[in-house]
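Visitor: Spelled out from the first residue to the last, the chains are:
Protein chains: 2
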Amino acid sequence: MSVSVKMKEGVERSSLVRRMFEAGMVLAAEVGRENVYDFSLGNPNMAPPPAFQEALIRQAALELPGKHGYMANAGLPEVRELTAAALSREQGLPVPAESLIMTCGAGGALNVIFKTILNPGDRVLVSRPYFMEYDFYVDNHGGLLESLPATPDFEPDLGELEKRLSGKTAAVLINSPNNPTGAVYGEGTLRALGDLLRQKSREAGRVIYLISDEPYRKIVFDGITVPPVFPYYENSIIATSYSKNLSIPGERIGYLAVNPRAEFFADLTAGAVLANRILGFVNAPALMQRITGEIAGVSVDPGVYQKKRDCLCAALEEQGWEFKRPQGTFYLFPKAPGGDDLGVIEALRRERILAVPGRGFGLPGYFRLAFCVSDQTIQASLPSFKRAKAALAQGG
Amino acid sequence: MSVSVKMKEGVERSSLVRRMFEAGMVLAAEVGRENVYDFSLGNPNMAPPPAFQEALIRQAALELPGKHGYMANAGLPEVRELTAAALSREQGLPVPAESLIMTCGAGGALNVIFKTILNPGDRVLVSRPYFMEYDFYVDNHGGLLESLPATPDFEPDLGELEKRLSGKTAAVLINSPNNPTGAVYGEGTLRALGDLLRQKSREAGRVIYLISDEPYRKIVFDGITVPPVFPYYENSIIATSYSKNLSIPGERIGYLAVNPRAEFFADLTAGAVLANRILGFVNAPALMQRITGEIAGVSVDPGVYQKKRDCLCAALEEQGWEFKRPQGTFYLFPKAPGGDDLGVIEALRRERILAVPGRGFGLPGYFRLAFCVSDQTIQASLPSFKRAKAALAQGG
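Protein chains in written order, with this note's numbering: chain A, 1 to 396; chain B, 1 to 396.
Keep in mind the hints are simulated off the structure, nothing from the lab.
Keep in mind that this is a model prediction, so the values were computed, not measured.
Cβ coordinates follow ideal geometry from the N, Cα and C atoms, glycine included.
Okay, the calculated bits of chain B under chain A, using three or more residues with CB under 8 Å as the criterion:
| id | region |
| --- | --- |
| 1 | 51-60 |
| 2 | 267-274 |
| 3 | 283-289 |
Next up, chain A with everything else stripped away, as it sits in the complex (with noise of 0.2 Å):
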């Protein structure tokens, strides 16, 4: 045996997604990097807002006995009351530092939240599309993930979900502003689904817990906000990370933080610190902790973003590509002319675009653009799009 089998085929499974990686490079090689149109990746291009700079000079130069030294599993202590000040502003109730725990980032919580709640076979639903790194994540403790049709405007679909939760059920997982459809859920749909989670709770004899999977909540556009979900449902819980709204992905920062009205809310946060410890990330960065803490509530200028939907879309409404705009990220989920999602892959990198078929997230017909590029690939794009959408009508 050289590796596990499950990993042997994690890696084949994941070269879908690096053969078109590589593709990309080797278009890069070719025609110049700065000629290729790269909208396959959700890494932010915009730099960091000044304050998070300004923090970070300030607790470089910072002389404090222990400064990078082991903490609480859970984080800092002051980090975690700040933390929990500005979630509590947040989701409108409030939220005590004992319901936070700081994590590596929205992929270290989901992890840490899945260790701790999944017994082997547990099953935890989500809407298509969706990140498909939530399969490895649930398998990673030994649950399955199972998808199920979203509704038109990409929300969760409560008819479906009911005929899906049972006794297996550990979980219902949320993602919004959703990557990759852009969509926010609304406050009607939270609630039902608080409702329902309740009632099949109820009806299973086991708690249902709802996982809130929101790094996207400051990237919203139109003036909108994103309803919160701890009113709604008691037994949730946030994963969130400052990779987006800081636009630090690499830094590897973010928390979980457990409804304090949830049930079990003691067994769940002990949990979740020896899941933190026991998975080897132990506590997260110390100097990030520090700074986020000390910027809590600061956030990248969406209008941003906004403005790059709004040229994007304007431009692909008009050469006739069907999509919702999105009300939040910095995604668009357009569907695949003919419903030929890796047909439109192809036509767009012949004219030097990179994109994500659909059944990246588990719904082909459909391809995912990052927009999370300068305001300048965008426009040089857009004869690129119209050219891609011509070849792909007279191939249709």
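On the provided structure of chain A, position chain B as indicated by the hints.
Guide: Chain B only, in chain A's frame:
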């Protein structure tokens, strides 16, 4: 179900150490933190080397597009190059950058490699005493850690090992310099271990990996160096961190290195990169990668810990405590008088000294003192150690 059965048990299992930690907190509250001699934690008291602080300030101020952005999951290419160059010198053979995956410390690196290699039910062997987080790290990924007796010098007992190696064995885990004993495994031991694993791998028809957890490599005394593992066994993997040699355990930075001559090098590195990603680490923190790359090879002065060791050992020897002087780390692992590890911990606590019982490392009959504390704490604690020894002698 509140949380998973396994995590509920894990939290309960962890409660011995937690209760001791809490007893220490109670003691500190009663008599004042400054009046407690805390030898319980492996949290280095030394400040990071000046080169770290200088690099931190420089890197914080650096303006660089995408400085805090995503990167390849294995880490920043230039950091892997710099780290590989330092590792090549240390191991005495050329290690390419492709061997390295930057990780969230050694705890992250160990989880990554166990995730990569373990099939359900696979065994990992380790000598007692050992750092008991290993139990969790192996269990997280479906394996089972089995411990076996060490030699009287706390080196791996190859006769015992030979009896236990089987077709179920995925790996042997070593830790030199060792926590909690301070033992450094000799070159002869590593050579014989390599020969044994090569032979047993052949017999079993599967590669048995040697995993070397070595965060204390630079903390050694009396001018010795720790023999490298790569030259002695091709299917070896190093997990390490900068936590101890740079005194930055809270920053979570380290790496995994696969022996360039490993039989399944490509599978191992591809698997480890995927494991790093899907366990939610995604990548090691970007800023700390840049800093450790820049100052690769820099360490705290082990002479400072050597002085502490000499002072503590001389006094405790004179008082009649029995132990082998550590060759590295900042731990001392004396015998518990009468073999009662909980008894000695209680006798020490009465004298305001905090320590960890041997059972916390799978070996009752001993206890661990972490001497990464101030010289003043060591000096001031000596009369308390003497009184505790006397009390134990009277009680026995």
